[in-house]
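*Asks:* Next come the chains, spelled out residue by residue.
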Amino acid sequence: KAGVTQTPRYLIKTRGQQVTLSCSPISGHRSVSWYQQTPGQGLQFLFEYFSETQRNKGNFPGRFSGRQFSNSRSEMNVSTLELGDSALYLCASSHPGQGYEQFFGPGTRLTVL
Amino acid sequence: SQQGEEDPQALSIQEGENATMNCSYKTSINNLQWYRQNSGRGLVHLILIRSNEREKHSGRLRVTLDTSKKSSSLLITASRAADTASYFCATDGATSGTYKYIFGTGTRLKVLA
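Those protein sequences? They're chains A and F, same order as listed.
So the first sequence is numbered by this note's numbering: it starts at 1024 and just counts up by one.
So the second sequence is numbered by this note's numbering: it starts at 70 and just counts up by one.
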């Protein structure tokens, strides 16, 4: 099985712009979670989608949003980018969602200038 | 605040030695997982231990869980240079309907050849 893929791998944006990141889960996985990783805050949970529904959300402002399509692919959008949004954004998929291992993609490194 | 806190933050050992890292968490959990991350890449799942288990083995890895102390430890035996990475524990909330994992701050392990 192919692993979790994330596109793009690297992205440079300027403050105020918006960005969309994409994640394709492992075939058959219906749960997709997103995490933000920064040196200062570590790995922080953004949100989790299952069957096109957001099941849980972390403590991030409304500028961070996501969605999941019927084929389980997921997108994450950040609007009005701030310098502090520079981070590695990781996507993870799992089969039913809870109590099972998550398979992570390589991440998208976002730099906001 | 983060659910998990790893200890130590950094660890440097010689190849062949054992490495032990600890994780403490704050609330009740259903399960705890350990992940490895190589140099800013995606995370790789190592092992999952459920709240009703006390010890689990996988190859050179041994994980223990003490729910009364809300702590877990990961032991890597006979370490190799390839084990150099950051190690994270992740816990899920035991609250019904919670489908998110909270990651600890990580332990940076360096294995010297």
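If you are wondering where the hints come from, they were derived from the structure by calculation, not from laboratory data.
Computed from a predicted structure; not experimentally measured.
Any given hint could turn out to be false.
Some residues of chain F that are not near chain A, with every Cβ distance over 12 angstroms (derived) [as the list claims (entries may be wrong)]:
no. : residue
1   : Thr96
2   : Gly111
3   : His114
4   : Thr174
Label pairs and their calculated CB-CB ranges [as the list claims (entries may be wrong)]:
no. : chain 1 : residue 1 : chain 2 : residue 2 : range
5   : A       : Arg1032   : F       : Leu181    : 27 to 33 angstroms
6   : F       : Arg129    : A       : Ser1102   : 19 to 25 angstroms
7   : A       : Gln1077   : F       : Lys95     : 40 to 46 angstroms
8   : A       : Ala1025   : F       : Arg129    : 25 to 31 angstroms
9   : F       : Ala147    : A       : Phe1083   : 29 to 35 angstroms
By construction, the Cβ of each residue, glycine as well, lies at the ideal position given by its N, Cα and C atoms.
*Asks:* It remains to establish, for every hint, whether it holds in the given structure.
*Replies:* The hints, checked one at a time:
Against chain A, the non-interface label of Thr96(F) holds: every CB pair exceeds 12 angstroms, the least being about 14 angstroms. Here Gly111(F) does not stay apart from chain A, with its beta-carbon only about 4 angstroms from theirs, under the 12 angstroms limit. With a closest Cβ-Cβ approach of about 4 angstroms to chain A, His114(F) is found to fall inside the 12 angstroms limit, against its non-interface label. A beta-carbon of chain A is positioned within 12 angstroms of the beta-carbon of Thr174(F); the least distance is around 5 angstroms.
At about 30 angstroms, the CB distance of Arg1032(A) to Leu181(F) agrees with the hint of 27 to 33 angstroms. At roughly 45 angstroms, the beta carbons of Arg129(F) and Ser1102(A) sit outside the given window of 19 to 25 angstroms. One distance hint, 40 to 46 angstroms for the beta-carbon pair Gln1077(A) and Lys95(F), is violated here, with the actual separation near 25 angstroms. About 28 angstroms separates the C-beta atoms of Ala1025(A) and Arg129(F), a value consistent with the hinted range of 25 to 31 angstroms.
A hinted range of 29 to 35 angstroms for the beta carbons of Ala147(F) and Phe1083(A) is inconsistent with their spacing of about 41 angstroms.
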